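*Asks:* Top line first, the protein sequences correspond to chains A and B. No gaps in the numbering here: position 15 of the first sequence is 15 in the numbering used here, and each next residue is one more. No gaps in the numbering here: position 71 of the second sequence is 71 in the numbering used here, and each next residue is one more.
It should be emphasised that the hints constitute simulated quantities derived from the structure, not laboratory data. Incorrect hints may appear among the rest.
Said to hold, decoys possible - Some chain B residues judged to face chain A by a derived CB distance under 7 Å, without partners named:
# : residue
1 : Y32
2 : R100
3 : F103
What the hints assert, rightly or not - Computed list of lysine to any residue pairs in SDA-like fashion (alpha-carbon distance at most 20 Å, straight line):
# : chain 1 : residue 1 : chain 2 : residue 2
4 : B       : K52       : A       : G101
5 : A       : K9        : B       : Q42
6 : B       : K52       : B       : N30
7 : B       : K69       : A       : G101
8 : A       : K9        : B       : S41
Keep in mind that this is a model prediction, so the values were computed, not measured. For glycine and all other residues, C-beta sits at the position ideal for the given N, C-alpha and C.
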Amino acid sequence: NAGVTQTPKFQVLKTGQSMTLQCAQDMNHEYMSWYRQDPGMGLRLIHYSVGAGITDQGEVPNGYNVSRSTTEDFPLRLLSAAPSQTSVYFCASSYSTAGGGDTQYFGPGTRLTVL
Amino acid sequence: DAKTTQPPSMDCAEGRAANLPCNHSTISGNEYVYWYRQIHSQGPQYIIHGLKNNETNEMASLIITEDRKSSTLILPHATLRDTAVYYCIVRVFGETSGSRLTFGEGTQLTVNP
Chain A
1 NAGVTQTPKF QVLKTGQSMT LQCAQDMNHE YMSWYRQDPG MGLRLIHYSV GAGITDQGEV
61 PNGYNVSRST TEDFPLRLLS AAPSQTSVYF CASSYSTAGG GDTQYFGPGT RLTVL
Chain B
1 DAKTTQPPSM DCAEGRAANL PCNHSTISGN EYVYWYRQIH SQGPQYIIHG LKNNETNEMA
61 SLIITEDRKS STLILPHATL RDTAVYYCIV RVFGETSGSR LTFGEGTQLT VNP
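Excised from the complex, chain A in its bound form:
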């Protein structure tokens, strides 16, 4: 299994540009999430999905869109990039465990700079 993969690893955008960060998992996990991490801070939840066709907003959703048309893919779209969106973006997927709760796997991250 490749686990959780994210592309690109690095990206530089100009203010106002749009782009899509890709996230894919090959573990057939139901749950997927997007987080952002600003320098020196903890991760903050942007959007999450509990299954194909179902998404919801997290803590900091403004400026981002998501969709989940398949179990495997959960792309994050930046509609009009702003310097405040300069951050490291992590995608995660998880499955429920037999004993209760879940186990999350994180991707390696996409480092985005908006000029």
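With chain A fixed as given, assemble chain B onto it according to the hints.
*Replies:* Chain B in isolation, oriented as in the chain A frame:
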């Protein structure tokens, strides 16, 4: 999700046990205690989770007090590669909440040679 309190930093000698505390005095009955860690610049890594009972896996042990208001993550033989920020997270897991995690400040564990 219940709030957690962790010390901002801890040191540990290589080869010794690292005991990382977490207070979660407002935890409710259906909330799990999770531990994750983040090694510099990498994605967070799941370590362990539990509800009431103590848990052990190949990475660590999780000790939850009987009243569930605090817990301790134990790395039995810390190595330099265990230097990371450790996050204690308390949350409900379910079909509607999915895999939402709320990260606090965490504890920066430094393992010294």
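*Asks:* None of the hints should be skipped; say for each whether it holds.
*Replies:* Against the structure, the hints:
1. With a least beta-carbon distance of about 4 Å to chain A, the hint placing Y32/B at the interface is held under the 7 Å criterion.
2. Of the supplied interface hints, the one on R100/B holds, with its beta-carbon coming within about 6 Å of a beta-carbon of chain A, less than 7 Å.
3. The criterion of a C-beta within 7 Å of any C-beta in chain A is met by F103/B, whose closest approach is roughly 4 Å, and the hint holds.
4. Taken as a hint, the K52/B and G101/A pair is honoured in the structure, with Cα atoms around 12 Å apart against an allowance of 20 Å.
5. For the hint pairing K9/A with Q42/B, the CA-to-CA distance comes to about 12 Å; that is within 20 Å, so the pair holds.
6. A distance of roughly 10 Å separates the Cα atoms of K52/B and N30/B; the hinted pair therefore holds under the 20 Å criterion.
7. The straight-line distance between the Cα atoms of K69/B and G101/A is roughly 18 Å, inside the 20 Å bound, and the hint therefore holds.
8. For the given pair, K9/A sits about 12 Å from S41/B by alpha-carbon distance, which is consistent with the 20 Å threshold.
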